[in-house]
Amino acid sequence: MKKNLGLGLASAALFSLFSFSAQAQSPAEKVYVPHGKHDKYYAFLSGGYNGQIGVYGLPSGRLLKVIPVFSVFPMNGYGYSEETKAMLNTSYGWIPWGDTHHPELSQTDGVPDGRWLFINENNTPRVARIDLRTFETEEILEIPFSAGNHASSFITPNSEYITASTRFSIPIPQKDVPIAEYAKYFKGTITFVRADKPGKMDVAFQILVPGYDYDLAHCGKGPSNGWCFFTSYNTEQAHTLLEINASQKDKDFIAAVNWKRAEQCIAEGKYKEVETKYAHNYRPPEGDRFAKTEWKTKVKWIIPKECPGVIYYLPTPKSPHGVDVTPDGKYIIGGGKLATVIPIHSFDKMIKAIENKQFAGEVEGIPILKYEAINHCELPNPCLGPLHTEFDGRGLAYTSCFISSDVVIYDYQKCEIVGRVPTYYSVGHLMIPGGDSAKPWGEYLLPMNKITKDIFLPTGPELPHAGQLYDISADPRKTKPQLLLDVAELGEPHYAQAIPAELVAPKTLKIFELEKNNHPYVTKSEEEAKVVRKGNEVHVYMTAIRSHFTPDNIEGVKVGDTVYFHVTNIEQDWDIPHGFAVIGAKTSNILIMPGETLTIKWTPKAPGVYPFYCTDFCSALHQEMQGYVRVSPADAKVPIKYGTGDEMKTVQ
Amino acid sequence: MSWISRGLIALASLILIGVFFVPLWKITLWAPQYPEGLSMYIWVNKITGGNPHDLYNINLLNHYIGMKPIKPEEILELKIMPFIFGFFIVLGLITAITGNKKLLYTWVILFIIIGIIGIADFYRWEYDYGHNLDPRAPIKIPGVAYQPPLIGCKKLLNMEACSFPDKGAYIAVVSVLLGMIAAGIEKFRK
Chain A
2 MKKNLGLGLA
12 SAALFSLFSF
22 SAQAQSPAEK
32 VYVPHGKHDK
42 YYAFLSGGYN
52 GQIGVYGLPS
62 GRLLKVIPVF
72 SVFPMNGYGY
82 SEETKAMLNT
92 SYGWIPWGDT
102 HHPELSQTDG
112 VPDGRWLFIN
122 ENNTPRVARI
132 DLRTFETEEI
142 LEIPFSAGNH
152 ASSFITPNSE
162 YITASTRFSI
172 PIPQKDVPIA
182 EYAKYFKGTI
192 TFVRADKPGK
202 MDVAFQILVP
212 GYDYDLAHCG
222 KGPSNGWCFF
232 TSYNTEQAHT
242 LLEINASQKD
252 KDFIAAVNWK
262 RAEQCIAEGK
272 YKEVETKYAH
282 NYRPPEGDRF
292 AKTEWKTKVK
302 WIIPKECPGV
312 IYYLPTPKSP
322 HGVDVTPDGK
332 YIIGGGKLAT
342 VIPIHSFDKM
352 IKAIENKQFA
362 GEVEGIPILK
372 YEAINHCELP
382 NPCLGPLHTE
392 FDGRGLAYTS
402 CFISSDVVIY
412 DYQKCEIVGR
422 VPTYYSVGHL
432 MIPGGDSAKP
442 WGEYLLPMNK
452 ITKDIFLPTG
462 PELPHAGQLY
472 DISADPRKTK
482 PQLLLDVAEL
492 GEPHYAQAIP
502 AELVAPKTLK
512 IFELEKNNHP
522 YVTKSEEEAK
532 VVRKGNEVHV
542 YMTAIRSHFT
552 PDNIEGVKVG
562 DTVYFHVTNI
572 EQDWDIPHGF
582 AVIGAKTSNI
592 LIMPGETLTI
602 KWTPKAPGVY
612 PFYCTDFCSA
622 LHQEMQGYVR
632 VSPADAKVPI
642 KYGTGDEMKT
652 VQ
Chain B
34 MSWISRGLIA
44 LASLILIGVF
54 FVPLWKITLW
64 APQYPEGLSM
74 YIWVNKITGG
84 NPHDLYNINL
94 LNHYIGMKPI
104 KPEEILELKI
114 MPFIFGFFIV
124 LGLITAITGN
134 KKLLYTWVIL
144 FIIIGIIGIA
154 DFYRWEYDYG
164 HNLDPRAPIK
174 IPGVAYQPPL
184 IGCKKLLNME
194 ACSFPDKGAY
204 IAVVSVLLGM
214 IAAGIEKFRK
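Residue numbers (this note's numbering), protein chains in the order written: chain A, 2 to 653; chain B, 34 to 223.
None of these hints come from the bench; they were simulated from the model. Computed from a predicted model, the values in this text were never measured in an experiment. Glycine included, every Cβ here is placed at the ideal spot set by N, Cα and C. Keep in mind that the hints are not guaranteed to be accurate.
[To be verified] Calculated pairs, DSS-like style, for lysine-lysine (alpha carbon to alpha carbon, straight line, at most 25 angstroms):
| hint | chain 1 | residue 1 | chain 2 | residue 2 |
| --- | --- | --- | --- | --- |
| 1 | B | Lys187 | A | Lys511 |
| 2 | A | Lys517 | A | Lys531 |
| 3 | A | Lys350 | A | Lys525 |
| 4 | A | Lys517 | B | Lys59 |
| 5 | B | Lys59 | A | Lys525 |
[What the hints assert, rightly or not] Partial pick of chain B residues on the chain A-facing surface, computed with a CB cut under 8 angstroms:
| hint | residue |
| --- | --- |
| 6 | Gly83 |
| 7 | His86 |
| 8 | Leu93 |
| 9 | Tyr162 |
| 10 | Asn165 |
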């Protein structure tokens with residue numbers, strides 16, 4: 002009996018083993034990344050109103066890093082340190098905050114290549130480039146003659162340009178006019194920014210366009226390489242209560258811009274050079290790594306009338322939001338947020354319509370093509386509130402639908418729905434790794450939602466945003482995508498990008514080479530550490546290494562002085578940052594990577610002895626990594642004196 | 034001397050040139066927080082890190098236990114060793130050319146003696162670094178020394194220290210074996 006029971010149990014165990022392996026993996030197994038293994042993809046989610054980028058691992062959904070871009074970041078001193086504060090300069094002054102929307106990976110032949118990540122700032126129009134060796138913001142360019150830089154930063158297939166635009170039309174150039182005279186004075190600009198020359202990002206040209214709201218963009222590839230497409234709404238040109246007044250027309254426009262034609266016009270001198278002022282902020286990845294602002298003063302304007310063929314309007318229902326180009330470059334899908342269909346335009350038909358002059362009219366020198374002449378098909382009854390579309394490389398399109406809170410999946414060529422998956426709740430953008438490129442890695446789908454409610458543990462009235470990770474590795478024509486995970490997101494991710502980890506991880510830096518550091522205040526060894534007075538400025542050339550600062554005792558500072566702590570982390574070991582903070586500093590701490598120099602400014606207000614310390618638990622004796630600055634009255638005769646350990650040096 | 038012995042001693046001398054191009058010994062340290070390991074290579078005339086900054090980092094960690102920093106430019110052996118190997122290369126080649134048996138026996142015996150002295154000196158060097166510690170070091174554990182093993186692995190606090198001969202040492206061993214074979218042939222040849 003006992004023996005039989007044992008046999009029975011064993012066979013039951015065997016059976017369950019076989020039946021288990023015969024089943025598909027459970028969602029938990031598909032997202033579990035065990036110790037010792039890494040995620041398969043890097044995902045870059047914009048942070049919206051936090052002004053930053055969140056780096057996540059997929060499929061685990063782990064938050065790996067926040068990259069500060071347009072907002073200050075006291076966690077590491079970005080925007081506070083002397084080396085980084087110039088990154089936030091604009092013609093409006095120094096601005097500590099931004100609104101990040103659409104990250105875009107650099108591409109080669111239409112495929113993400115893992116060199117850089119670009120992202121736009123909507124509020125004070127700017128674009129940024131992040132280096133994916135350091136995951137640091139290296140370059141920020143302000144966009145002149147713009148407001149609400151929303152249709153940005155979408156890239157051309159070989160990273161020649163990224164786009165920028167005016168979601169809010171404004172008087173161009175700015176002037177004091179009655180708002181009600183919108184139609185008379187307000188204009189838009191569509192901007193192309195040179196993107197493939199690190200350190201030399203610049204406005205290549207701007208196209209002056211009618212005063213609509215230019216909302217989103219994507220550039221052509223393959224047969225449509227050379228073109229970029231921008232949605233517009235508010236062709237009604239309303240300036241108040243847009244939710245009603247800008248929702249009256251059945252069709253607005255997708256602007257099709259021929260950027261190769263624009264290059265020709267520039268080469269032929271068919272442009273107008275105008276004076277303005279905008280900031281170009283660059284922090285080199287090597288050398289002094291000191292951000293500097295270059296003030297640019299000129300841009301080239303292309304007026305559509307003077308450069309025929311540079312831009313056409315494609316009528317598109319209704320108040321379209323997203324515009325997305327299929328991986329083969331043949332179709333252009335508009336997300337008409339108030340439309341009852343999803344319009345799919347054909348690039349071939351568009352070119353034929355242009356050749357045959359199938360125009361329905363013209364606005365300010367811009368021909369409007371006939372809708373019937375360009376439309377491939379209208380996907381019937383797709384969903385409610387279609388916004389954005391990504392692709393899986395299998396001929397399927399995935400469109401997010403805000404109002405019906407789902408993603409509709411369809412064959413864009415056959416105009417046939419194959420399925421849909423729910424989102425929780427009210428999806429905005431969605432992302433498939435490489436999903437807007439010529440070669441999507443169609444393994445995962447991440448819709449990012451605007452409303453969270455009951456998805457996570459409540460955290461008071463303000464909740465994190467939720468994204469749902471779906472497995473789309475099986476063809477959705479046959480297998481329904483499986484919901485794997487709810488991802489808690491930082492800020493409000495608008496768009497996102499993801500790339501296989503092997504295209505990025507091997508190129509990332511572990512340390513900065515101390516030898517290559519030529520910061521003007523670098524201290525490469527403890528012997529070189531010193532304190533120098535220049536009038537009312539005191540410069541401390543300080544080193545940090547486990548587990549002490551040199552110098553860690555400083556005297557001779559006086560009330561009224563401005564003290565600059567130039568701290569060089571002279572470690573050359575992987576993952577040994579040191580931090581530095583001093584009591585009463587009105588800036589932040591600085592987090593200094595091995596081989597790097599960062600500077601924080603401190604203005605002591607009263608005599609006393611003030612401690613500073615390492616803020617990063619660097620070593621077993623991290624708590625001992627501290628020091629003191631003596632501050633004497635303004636008229637005191639205390640000489641500059643400094644040192645670590647037994648020997649103190651006095652400066653006479 | 035037979036042509037075989039002369040060829041063998043010539044070969045023994047020529048392969049010895051190889052020790053100038055590869056390390057003699059390798060010491061590797063692992064710790065929980067150093068999964069990638071830290072290593073140093075001992076060459077005839079220098080000490081290098083397994084990765085560019087390894088020696089710098091080993092010295093940095095060693096300061097906590099009061100071990101003096103390893104400064105290759107201050108180590109006398111690294112200045113002498115190239116001449117010793119040079120001497121054996123030249124002497125071996127002279128032996129092969131002249132076919133002098135006595136020179137051959139001298140070469141083999143001297144090589145063995147110098148080899149033993151070299152390993153003893155290496156032990157003394159390791160002993161000195163492991164025992165001669167700064168009394169003001171922050172980490173002091175009574176009765177614990179930090180001498181790495183001559184050959185093999187040993188746990189030193191959180192560090193697993195492994196020390197093994199590297200390519201250069203193997204070349205030297207092959208060289209001396211070739212010399213011994215040559216000497217043996219000459220000794221028992223009738």
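Now for the hints, and whether the structure bears them out:
no., hint, result
1, B:Lys187 with A:Lys511, "violated, 29 angstroms"
2, A:Lys517 with A:Lys531, "holds, 20 angstroms"
3, A:Lys350 with A:Lys525, "violated, 63 angstroms"
4, A:Lys517 with B:Lys59, "violated, 29 angstroms"
5, B:Lys59 with A:Lys525, "violated, 29 angstroms"
6, Gly83, "violated, 13 angstroms"
7, His86, "holds, 4 angstroms"
8, Leu93, "holds, 6 angstroms"
9, Tyr162, "violated, 20 angstroms"
10, Asn165, "violated, 21 angstroms"
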